[in-house]
Amino acid sequence: MPDLSINFAGIKSPNPFWLASAPPTNSGYQVMKAFDAGWGGAVWKTLGVPVVNVSSRYGSVNYRDKRMMGFNNIELISDRPLSDNLREIEEVKKRFPNHAVIASLMVQSRQEWHDIVRQSQEAGADGIELNFGCPHGMCERGMGSAVGQEPEVLQTIVEWVMEVAKIPVIVKLTPNISDITEPAMAARRGGADAISLINTIQSIVGVDLDLFAPYPIVDGKGSNGGYCGPAVKPIALNMLKNCAQHPDVRLPISGIGGIETWRDAVEHILLGASSVQVCTAAMHYGFGIIREMTSGLEQYMVDKGFNTIYDFVGKALPNVLHWEDLNMKYKVTANIHEEKCIGCQLCYTACEDGAHQAIKLNAGTRVPEIIEANCVGCNLCSLVCPVEDCITMDRKDDGTAHVTWKERTEANDIPTEFNDEKAGGRHHWVPEPAAALGKEKHKTLPGKARQFEKVTVTQEVTE
Amino acid sequence: MAEYSTPTSEQEFHANFAQLKPRMNASEALFESSRCLFCFDAPCIQACPSGIDIPQFIRQINSGNDTGAARTIYEANYFGNACGKVCPTEVLCEGACVYNLQDVKPIEIGRLQSFATRKAIEEEKPLMQAGIPNGRKVAIVGAGPAGISAACELRALGYEVDVFEAKDQPSGLTVYGVAPYKITNEEVLAEMAYLQKQFGYSVQYNSPITSQADLQALEEGYDAIFLGIGLGRTNALLLPGEERENCVGAVEFIEQLRMNHHATTVGRKVIVLGGGNTAMDAASESSRLGADSVILAYRRGKEDMGAYEFEYDLAKGVGVKGLFNVAPVEIVGNGKVEGVKFIRTALHEGQVQTVPGSEFVEPCDMVIKATGQAKQTHFLSLIGGLKTDGKGRIVADERTGQTTNPQYFTSGDARNGGAEVVNAAAEAKAAARGIHEYLSRK
Ligand SMILES: Cc1cc2nc3c(=O)[nH]c(=O)nc-3n(C[C@H](O)[C@H](O)[C@H](O)COP(=O)(O)OP(=O)(O)OC[C@H]3O[C@@H](n4cnc5c(N)ncnc54)[C@H](O)[C@@H]3O)c2cc1C
Ligand SMILES: Cc1cc2nc3c(=O)[nH]c(=O)nc-3n(C[C@H](O)[C@H](O)[C@H](O)COP(=O)(O)O)c2cc1C
Ligand code: SF4
Ligand code: SF4
Ligand code: SF4
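Chains as they are written, first to last, in the numbering used here: chain A, 1 to 463; chain B, 1 to 442.
In short, the hints are calculated from the structure, not lab data. One thing to keep in mind: the hints can contain errors.
What the hints assert, rightly or not - Label pairs and their calculated CB-CB ranges:
| # | chain 1 | residue 1 | chain 2 | residue 2 | range |
| --- | --- | --- | --- | --- | --- |
| 1 | B | Gly306 | A | Arg395 | 52 to 60 Å |
| 2 | A | Trp429 | B | Val104 | 48 to 56 Å |
| 3 | A | His442 | B | Gln11 | 46 to 54 Å |
| 4 | B | Ala217 | A | Ala434 | 54 to 62 Å |
| 5 | A | Arg395 | B | Gly64 | 39 to 47 Å |
| 6 | B | Pro126 | A | Asn224 | 38 to 46 Å |
| 7 | B | Asn65 | A | Ser5 | 46 to 54 Å |
Ideal Cβ positions, reconstructed from N, Cα and C, are used throughout, including at glycine.
Please model the entire structure based on the sequences and the hints provided.
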């Protein structure tokens with residue numbers, strides 16, 4: 001069996017799965033239950049100044065019948081008394097000495113930071129996470145993302161913390177910034193031991209069409225909140241990659257954002273995370289999801305022959321390049337596997353209307369045909385096809401040639417004007433604009449109109 | 001052993017005749033509509049005789065626009081709810097759904113269709129309306145799917161419309177003939193009331209058009225006449241003993257059942273003669289009424305039956321037994337039916353031939369003849385210049401529904417010889433357009 005345990009900047013944990021600082025870590029009760037269920041660590045719900053929360057706090061983005069594809073909240077940090085939280089941290093640590101308990105903190109003055117860091121250490125926390133991320137409420141009071149967005153302020157606060165910290169300090173970054181590596185480097189300059197990212201993204205998840213107000217609604221009004229859940233994973237992965245690849249950051253990273261299954265976790269790890277944190281998925285499905293996460297991760301490691309997490313931390317990073325370094329000689333085209341095709345013609349209409357008119361229909365069959373000469377290899381058809389492996393993107397170049405944009409630029413081999421022979425798309429066929437008019441009208445008319453095409457309908461149906 | 005006990009109350013009746021396509025709730029509609037792929041040039045639309053824009057209405061349901069979904073459906077088919085429940089969707093839209101090719105359950109189009117339309121009906125959503133009056137009048141004979149659909153379309157085109165119906169309720173066989181587990185009477189009639197309220201045509205019930213004088217009055221009083229008369233009573237078998245008590249026609253038996261529910265009496269041991277969909281229905285219905293045994297007797301082999309496979313499966317599923325390659329020769333009994341004398345048959349060069357000396361009597365106390373409906377030949381002969389074909393179907397133009405007497409138009413069972421509600425609804429809409437075309441040219 002592979003070894004799932006980690007030592008994250010000095011914080012030991014039986015597996016890389018931690019609960020992120022959020023409602024699931026609001027109390028000793030929840031954290032003990034989570035450890036009992038198999039979670040490796042927990043970042044306690046952020047402790048700090050006294051707050052008051054509003055009622056109606058969360059909003060959700062549903063996609064068709066799938067709930068909470070994206071999730072947002074306007075909740076603040078812990079509203080429970082600090083002493084209760086500290087006492088419960090102590091209790092949890094006594095029962096679970098080998099699990100990771102990290103105190104998430106957010107206060108204002110140097111003295112306050114010193115006090116709360118000391119108190120957390122005394123309570124037995126294994127580490128500290130500085131919450132510089134909360135994008136609503138707290139930032140209006142000069143904390144949270146208001147700090148995370150100002151690298152210099154962030155660095156100063158980290159320095160204050162390091163003055164008294166005896167346990168590892170993680171800085172949690174906000175994604176509400178254009179270049180995430182700047183606060184990451186500030187954290188390093190301030191002396192932090194690690195970073196974690198991302199916190200939630202400023203968002204409005206939806207607008208109530210009857211009340212004309214954004215969700216979640218508080219007495220007919222709303223406010224921007226913080227976005228998280230499956231929908232934010234791509235943003236998190238990119239920011240994670242940026243920090244992991246940056247030569248001046250060089251800190252262990254705890255990956256957060258949209259992690260729900262072992263696959264999501266592996267993706268974070270492959271891009272450089274050496275622990276992962278989960279919030280929304282635990283809020284959606286409860287602590288039980290950890291069983292699938294650990295078993296999936298274990299199976300993956302067995303299949304790949306990885307013995308420890310560190311065997312594949314950042315393993316995908318060398319393959320994430322700048323666009324200018326991609327091989328321009330590589331060429332794929334779409335290939336429909338006729339025997340699998342169910343004839344939905346989604347690929348046809350997608351390519352026809354949304355790509356390069358490289359798919360045609362033939363009489364007598366619903367299986368579309370790729371016009372290889374027109375196919376630019378964009379993947380769209382294979383992405384919309386509902387049948388697994390029905391459209392494959394097959395390599396067409398022989399794999400011997402390799403040329404990048406950068407190399408071409410250096411060799412002065414790039415187009416400088418549009419009718420330059422070298423310009424892209426120049427030899428690509430596009431239909432005459434007017435050929436679009438009336439095209440397949442009979443197939444896209446509503447059912448009734450198809451039936452009565454010949455008779456003009458003058459009657460207007462109004463409600 | 002009977003699968004069902006004889007229902008003695010309305011409640012027990014509804015339990016025995018539980019809806020095959022029960023109403024979807026909003027969650028189920030959301031889940032199901034989420035699965036639809038929104039195919040291009042969707043095969044399901046092509047398979048729908050009324051050409052409902054199925055992916056469009058499913059998408060409307062999915063995006064929370066149930067009213068718009070109902071509008072899409074009604075724009076193509078005025079029997080939107082009825083069709084969602086009674087259409088043989090397995091061989092129409094759902095049979096064409098691309099998911100079948102992936103060995104995945106096809107989209108439940110019929111139930112989604114009823115979900116949207118029933119909601120519109122219950123909420124009395126005004127989705128349709130009569131057109132600006134054009135001063136012309138059309139008479140409609142028969143308030144079945146054909147007649148009512150023609151009435152709606154003609155009203156939308158601005159015609160004044162009077163419907164004459166022999167019976168005392170609208171919708172024709174939808175309420176008098178379709179199996180009760182497909183749709184309830186209340187549901188059928190609610191849709192009829194919904195349509196009439198919006199379009200405002202008049203219907204005169206208990207008003208059969210039977211004589212030359214009746215017809216002449218229509219010819220004089222109206223610019224055009226639409227015949228939506230459907231078919232007639234069950235064909236006679238012309239067998240000895242057919243007059244015995246408890247030897248009944250399927251259409252008549254089912255009408256009893258639709259009107260009287262559990263008060264309908266059924267034999268203990270029932271033999272249904274025939275191999276079409278009506279035979280399957282009558283057999284299933286006898287079983288659900290609590291008959292101890294139901295035998296379906298057919299002249300040819302199982303695979304030669306005209307009924308849809310799923311209809312036979314449905315009958316088998318409620319305990320109906322098949323008796324194949326037998327032809328009835330006599331209904332035996334003493335006043336009452338006591339059995340059917342059959343002779344075995346065999347196929348010889350494609351022809352059904354009886355096997356000499358193979359007669360036997362299968363005892364029973366009820367015989368239901370599901371041997372087809374007669375055509376209204378006599379009535380049709382009263383209309384001057386109106387031609388019928390060799391099978392008694394009214395001859396009419398494919399597209400316009402105009403008969404050989406230019407003032408008369410027709411569609412539905414009377415013209416197609418007996419199909420489904422959806423065919424009648426779709427063809428009648430086209431015939432109404434035909435009337436419009438004809439009268440606009442005049
Ligand atoms: C037992 C049975 C089960 C069926 N099950 C289904 C099913 O599950 N699904 C499905 O889609 N289809 C089913 N059908 C077929 C469907 O019911 C018919 O195709 C459809 O009703 C035909 O519509 P129509 O308007 O042409 O005729 P009808 O429904 O027969 O309507 C004709 C109307 O005209 C009236 N009428 C007739 N003559 C006159 C006259 N001279 N004057 C005034 N009024 C007159 C009749 O009373 C009747 O109301 C079934 C049919 C039968 C017999
Ligand atoms: C309701 C709610 C409250 C949160 N509160 C905090 C908090 O107090 N401190 C903090 O650092 N992050 C907080 N977060 C952010 C999460 O810890 C996490 O960074 C974010 O949700 C992304 O992870 P996910 O996609 O797994 O949910 C909160 C998130 C939610 C949904
Ligand atoms: S890969 Fe892109 S261009 Fe090629 S056929 Fe598919 S959609 Fe069209
Ligand atoms: S999207 Fe896939 S299944 Fe649909 S028509 Fe194209 S190849 Fe066939
Ligand atoms: S064929 Fe099936 S999946 Fe495609 S549009 Fe019709 S119902 Fe939807």
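Taking the CB of Arg395 (chain A) and the CB of Gly64 (chain B), does the distance hold inside 39 to 47 Å?
-> holds (44 Å)
Falls inside 46 to 54 Å, the C-beta gap from His442 (chain A) to Gln11 (chain B)?
-> holds (50 Å)
Whether the CB-CB distance between Ala217 (chain B) and Ala434 (chain A) falls inside 54 to 62 Å = For Ala434 (chain A) against Ala217 (chain B), whose Cβ atoms are near 57 Å apart, the range 54 to 62 Å holds.
Does the Cβ distance between Asn65 (chain B) and Ser5 (chain A) fall inside 46 to 54 Å?
-> holds (53 Å)
So the hint says 52 to 60 Å: do the beta-carbon atoms of Gly306 (chain B) and Arg395 (chain A) match that?
-> Cβ of Gly306 (chain B) to Cβ of Arg395 (chain A): about 54 Å, so the range 52 to 60 Å holds.
Supplied distance hint 38 to 46 Å, evaluated on CB atoms of Pro126 (chain B) and Asn224 (chain A) = At 40 Å between Cβs, range holds.
Just tell me: holds or violated, for the beta carbon distance of Trp429 (chain A) and Val104 (chain B) against 48 to 56 Å?
-> Given a distance of about 36 Å, which is not inside 48 to 56 Å, the answer is violated.
Violated hint for the displayed structure: number 2, the only one.
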